[in-house]
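Protein chains in written order, with numbering that gives the first Met the number 0: chain S, 0 to 641; chain D, 0 to 203; chain P, 0 to 149.
Think of the hints as simulated: they come from the structure by calculation, not from any bench.
Among the clues, some could well be false.
[Said to hold, decoys possible] Taking lysine-lysine and the DSSO-like style, the derived pairs with C-alpha atoms no more than 30 Å apart in a straight line are:
1) S:LYS577 x P:LYS135
2) D:LYS87 x D:LYS119
3) S:LYS556 x P:LYS135
4) S:LYS293 x P:LYS131
5) S:LYS132 x P:LYS135
6) D:LYS114 x S:LYS496
7) D:LYS15 x D:LYS138
8) D:LYS138 x D:LYS163
9) S:LYS597 x P:LYS99
10) S:LYS587 x S:LYS577
11) S:LYS617 x P:LYS99
12) P:LYS44 x D:LYS139
13) S:LYS335 x S:LYS179
14) P:LYS135 x S:LYS121
15) P:LYS99 x S:LYS576
16) P:LYS99 x S:LYS556
17) D:LYS140 x P:LYS44
18) S:LYS354 x S:LYS148
19) S:LYS409 x P:LYS135
20) S:LYS498 x D:LYS87
21) P:LYS131 x S:LYS148
22) D:LYS39 x S:LYS330
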Amino acid sequence: MARLNTPEELEKFRQEIVSKRDPNRSCISICAGAGCLASGSSEVMGAFKAEIKKQGLTTDVDTKGTGCPGFCERGPVVVIYPEEICYLQVTPEDVSEIISQTIKEKKVVDRLLYVEPTTGEKATHESDIPFYKHQERNLICNNIKIDSKSIDDYLAINGYSALAKVLSRMTSEEVVEEIKKSNLRGRGGGGFQTGRKWEGSRNAPEKIKYVIVNADEGDPGAFMDRALLEGNPHSILEGLIIGGYAIGSHEGYIYVRQEYPLAVENITLAVKQAEAYGFLGENILGSGFDFFVKVHRGAGAFVCGESSALMTALEGRVGEPRPKYIHSNIKGLWNKPSVLNNVETWANVPLIINKGADWFSQIGTKGSKGTKIFSLVGKIINTGLVEVHMGITLRDIIYKIGGGIPGGKKFKAVQTGGPSGGCIPTELLDLKVDFDELTKAGSMMGSGGMIVMDEDTCMVDVARYFIHFLTDESCGKCLPCREGLRQMDKILTNITKGKGKVGDIELLEELAETAIEASLCALGKSAPNPFLSTIHYFRDEYEAHIKDKRCPALFCKDLIAYYIDPDKCQACMICLKKCPVEAIDGGKKKIHIIDQEKCTNCGICFEVCPSRFNAVKKISGEPVPPPIPEEERIIIKKSKEK
Amino acid sequence: MSEIRLQIDGKEVTAKEGMTILEAAQSAGISIPTLCHHEKLEPFGGCRICIVEIEVRGWTKLVVSCVYLVEENLVVRTRSEKIDRIRKTLVELLLAHAPDSPQLQALALEYGADKDRFEKDASFCIHCGLCVRYCAEVKKKNAVGFVDRGIRKEIVFIPEIAAKECNRCKECFSLCPTSYLQAAFVLTEALAFPRASSQARCPG
Amino acid sequence: MDIDRIDQIIGKHQGEPSSLIQVLLEIQSENHWLPKEAIERVSEKLEVPISRIQHIATFYKAFSSMPRGRHEVHICMGTACHVRGATRILDTVQDLIGIKSGQADQDLKFSLETVNCLGCCALGPVMEIDGKTYGKLSTTETAAVLERYE
Chain S
0 MARLNTPEEL EKFRQEIVSK RDPNRSCISI CAGAGCLASG SSEVMGAFKA
50 EIKKQGLTTD VDTKGTGCPG FCERGPVVVI YPEEICYLQV TPEDVSEIIS
100 QTIKEKKVVD RLLYVEPTTG EKATHESDIP FYKHQERNLI CNNIKIDSKS
150 IDDYLAINGY SALAKVLSRM TSEEVVEEIK KSNLRGRGGG GFQTGRKWEG
200 SRNAPEKIKY VIVNADEGDP GAFMDRALLE GNPHSILEGL IIGGYAIGSH
250 EGYIYVRQEY PLAVENITLA VKQAEAYGFL GENILGSGFD FFVKVHRGAG
300 AFVCGESSAL MTALEGRVGE PRPKYIHSNI KGLWNKPSVL NNVETWANVP
350 LIINKGADWF SQIGTKGSKG TKIFSLVGKI INTGLVEVHM GITLRDIIYK
400 IGGGIPGGKK FKAVQTGGPS GGCIPTELLD LKVDFDELTK AGSMMGSGGM
450 IVMDEDTCMV DVARYFIHFL TDESCGKCLP CREGLRQMDK ILTNITKGKG
500 KVGDIELLEE LAETAIEASL CALGKSAPNP FLSTIHYFRD EYEAHIKDKR
550 CPALFCKDLI AYYIDPDKCQ ACMICLKKCP VEAIDGGKKK IHIIDQEKCT
600 NCGICFEVCP SRFNAVKKIS GEPVPPPIPE EERIIIKKSK EK
Chain D
0 MSEIRLQIDG KEVTAKEGMT ILEAAQSAGI SIPTLCHHEK LEPFGGCRIC
50 IVEIEVRGWT KLVVSCVYLV EENLVVRTRS EKIDRIRKTL VELLLAHAPD
100 SPQLQALALE YGADKDRFEK DASFCIHCGL CVRYCAEVKK KNAVGFVDRG
150 IRKEIVFIPE IAAKECNRCK ECFSLCPTSY LQAAFVLTEA LAFPRASSQA
200 RCPG
Chain P
0 MDIDRIDQII GKHQGEPSSL IQVLLEIQSE NHWLPKEAIE RVSEKLEVPI
50 SRIQHIATFY KAFSSMPRGR HEVHICMGTA CHVRGATRIL DTVQDLIGIK
100 SGQADQDLKF SLETVNCLGC CALGPVMEID GKTYGKLSTT ETAAVLERYE
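All chains should be built: construct the whole structure from the sequences, respecting the hints.
Right, dumping it as C-alpha cells:
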C-alpha cells in the first residue's frame, strides 16, 4: 500500500475502491460490536462463512463484521444488503434459512424480523423499525455499513475527505471559526463550547500543544463512545487530526479505558492503518502538516474521565484532578495548551467540516445544536443507543423510540448524566432534551446515559447507589469529597436498612453543600446531584424509609418481607423446592408458609411463583400476618367439598 | 515581576505576580486557617480549609487560597456565614478521625465544630499529605507514600528505604497534626524492617 | 516473571517515565499480578520512586498486588445492570465460588472483581470471564456459566 501524498491521490484511490464495489452484490453485515459479540455474533459469523462455502456462494456473497448499530438488546443484529433487510436475535441455527430464503430466493424470513409489541406489526427494513425510525442517526448510521477493521470501507463512505478539505483549502483559523459557528458543545458532560476551547489553545503562545480524545466513558450505563470508537474508529481519528491542525498541535493522545479491549484493539489498528496510508506522520497529504498519535489505556479509575485527572494519568501518575483555576486548554498536559474533547465531539468534526456549520446549527435548539447519542437502558422495551436531534422530548425518546416500559409497569423517572446527574420524574416528560433544559430540571446531559426507572425502583436506593459508586471512585485527595461522600454513603445506607433517623435529611443536605462548594473537582462537586434531585422530586420516599421504616417501591432488602398469601397459594411446591435456605414449609396440598427467621430475602420465591397464582407478596412497613392455623392449610379440592 | 493590587477583607494589599491569595494574605498579616499547607512545599489543595470567597469579573465564587493566584482588583473575603459553615463541617469530618489533634481542636473552638457530629473512624490520619510531600520534595527520599484511593487511601512506609533513612531524619514527624505518622512508622519498623541490625547483635 | 521480559516491556515504551502505567498494564496482563520484584525493576529502569509506583499499583483497579485466579470473573455493577439486578448476580457468584469481590479462591481457579461498567448496558446484568462477556443473566444461568470453567 503506497502512501497517499496529495488530496488528488486520495480521491483517485477512493474512486478505485468504490468502482470495484458492486452495490447490487449481496452482503451480510453482522454486528461485531461488544454487545452482539456477548450475544454470540462471532458464532453467527462463523456459521454464515461455513454455509456460504458449503453452498458454493463465496464469489457471490460477502460477509462483514461491522460496528455497533446500537440495538444491542436484540442482538446479534444482521443486515442483508442491498435490500437492507434487518434480522434480529439471529442464531447460528437460523443461518441456513437466511442463505436459502433471503440470499438465494430474495424472500424475507418473517420470524427474524422486529415485531412491534403492541400492534404486532413487523418491520422489514432497519428504517421501518420504530426504534430507528424516529432517530436522526447522523453519526452512528455508518457503523453497520463498515467493517470496523477496514480503512478502505471508511474511505468508501467518503472518509478522510474532511481532512483533505481542511489541509488543502482551509487555514487553521478558518477551521476554528467553522467549529465556533456550528456552536458544537462538548458531548462528554461539560457541554462547553468546543470552538471557544479550540480558540483558547490556538491563541496560546506555546509551541507545543496537545489534542486528546477522552474515551474513558466511565459513566455506568453509558456506552455511546464504545460503539463509536469500536465501530468507526477512523471518524474519531479524522476529527482529531483536524483539531490538531486547527490549534497547531502535532501530537495527539487517545485515552481509552481498558475495560473496552475491543475499542483499544480497533483504534490501535486504525492508527496503524492511517500511518500506512499517510493520514498520520509527516507532511500529511502534502500539506506540510505533521501529526502523530499515541493510544493510551486507562487502568480502571472513573475519576480519570475528568479532564485534568486524565491528563495527569497520561503523564504516568495517579489520576488526581488539578484545580481548574487555570484552564487546561491554556495549561494542560505537561502544562502545555491541551484541547481535550469527548469521542462523540471529535466524531462530529468531520461531519461539520463536510456539511458545514450552517447545516449543523439548523439541527437542535437555540442553545444546543446537532444530535446527541444517548444510551437508553434500564426498564425500557427497546434498549440501545439512540441518536436524536437536540430538543426532542423525553416522552418521545422513552415511548416512541424506546417503546415504553416492559411488563406493563408504570414509568417513574429517567436518570440522566450519570453519577453527576439527577432523576427526572413523570411530570417533566415533555421536557425538550438539551443541555440547559436538563440542567434546569436538576439533572444534566452528561455523557448521554439515560436510565429508565419504573415503579419497582427505589429512589432512595438510587441516591445511595450513586453516592456509593463515587465513594469507591473518589481519588481521595480532597476532604469534602473523600470524607463527605463517605458520611453520605453511611447515612443513605442506614436509611435503606431502616436505620434512618430524623435529622438525616438535613445532615445530608449540609454535606451536599460542602461537597458542591469546596470539592477540588467536578466529581465531588456534582456528586450530591442524584441525592438532591431525588429528595426534591421523591421526598415522600425518603420520609417513608425514615419515619415508617417502609420502602414504597418494595425494593430495599432490609425493609421488605416475603409473604405467601394463603388465599392464593395452590401449594404447587415450586417455591419450596427453589428456596436456597429451605425457609418454606408446606406440602403437596398444604399451603406454604415462609419462615421469616430463615428467610434471607433473596426473592427467588417471588420470581418463580407462577403468574396465574401470584401468591408470593412483598410487604413493607407493616408486620407480616401471622400464619394461618394448621387445619386451614390443607387445600381441599372443590369437588370433594360438594 | 509586576505588582498586583487586591483587596482582602476590606484591606488594600499589594502582592507580586505569581503569589497565591494565601501568600498575599500572610504578607499583609491576615490569617487564613490551613492544615495541608507548608511554605517549603508545593501547594496541595487537599484540606480545603483555606477556602475564601472572591469576586472576579462580576462572579462570586469560593476558591482555595493556597492555590489561587492573585489577580488585579480581586476582592477577597476570608470569613462569611457560608465559609464558616463549610469550615465547621470540614473540621467535624476530620474530628471523626482525630479528635485529639491540637490543630483540629483549635479550629473546632474557632468555628464551633462538634467532635461527635460524625461516627468515629478507626484511622486517625487526616490525609494532609505533609509527610509524603516533605519526604518527596524536600528530602527527596520517598520513604513514605500514599497507597490506594478514596476512603481506602493510606500512608505507607517503604520498609527498605525507611530502614536506611528514617532513624537519622524524622523531620516529617513534627509536621504530622495527629501523630498518626509516628504510629505508622513504629508499626512498620516493628513488622517490616530488614533484620540486619538484630542479626548483628545475635549472630548464632 | 523474569527480569528480561520486564526489561523488554520497558524497552518497548522507550523507557519513558510517562509510559509507567502502560508498562504496568502489560506486566499485569502477562503475569496476572504485580510482584514486588517487578515494581522494583520498573522503578530502577524508569527512574521513578517506588512509592509512586506503589500508589499507581493500588490506585487503579486493573492492577493487583496479589496473584489473581486463572479465570478472572468481572461482574458489572453499572447503573443499568444494577437496575436489572446485578447485586443478585454478585451474591450468587460469591456464594457459589465462596469468595468476596477482590479475592481469589484457594486453588487460584477463580478471582472475583466488580467493575463499574463494561459498556454492554443494554444486556444487563453482565458478567465477563477471560474476555468473554455474558449478558441477560439470571441466577441459574450464572451458575451454569461458572460450571463451564476448569
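Consistency of the hints with the structure:
1. S:LYS577 x P:LYS135: Judged against 30 Å, a Cα distance of about 20 Å means the pair holds.
2. D:LYS87 x D:LYS119: 17 Å, holds
3. S:LYS556 x P:LYS135: At roughly 22 Å apart (the allowed maximum being 30 Å), P:LYS135 and S:LYS556 satisfy the hint.
4. S:LYS293 x P:LYS131: 27 Å, holds
5. S:LYS132 x P:LYS135: 26 Å, holds
6. D:LYS114 x S:LYS496: 26 Å, holds
7. D:LYS15 x D:LYS138: Holds - the C-alpha atoms of D:LYS138 and D:LYS15 are around 28 Å apart, at most 30 Å.
8. D:LYS138 x D:LYS163: Measuring from Cα to Cα gives roughly 13 Å; hence the hint holds.
9. S:LYS597 x P:LYS99: Within the cut-off at roughly 22 Å; holds.
10. S:LYS587 x S:LYS577: 15 Å, holds
11. S:LYS617 x P:LYS99: 28 Å, holds
12. P:LYS44 x D:LYS139: At roughly 18 Å apart (the allowed maximum being 30 Å), D:LYS139 and P:LYS44 satisfy the hint.
13. S:LYS335 x S:LYS179: 22 Å, holds
14. P:LYS135 x S:LYS121: 24 Å, holds
15. P:LYS99 x S:LYS576: Holds, at about 27 Å.
16. P:LYS99 x S:LYS556: 19 Å, holds
17. D:LYS140 x P:LYS44: The given pair, whose Cα atoms are some 17 Å apart, holds under the 30 Å limit.
18. S:LYS354 x S:LYS148: Measuring from Cα to Cα gives roughly 25 Å; hence the hint holds.
19. S:LYS409 x P:LYS135: This hinted pair holds, its Cα atoms lying about 22 Å apart.
20. S:LYS498 x D:LYS87: OK: S:LYS498 and D:LYS87 at ~26 Å, within 30 Å.
21. P:LYS131 x S:LYS148: Since the Cα atoms of P:LYS131 and S:LYS148 sit roughly 20 Å apart, the hinted pair holds (cutoff 30 Å).
22. D:LYS39 x S:LYS330: Holds - the C-alpha atoms of S:LYS330 and D:LYS39 are around 24 Å apart, at most 30 Å.
Taken one by one, the earlier hints all hold for this structure without exception.
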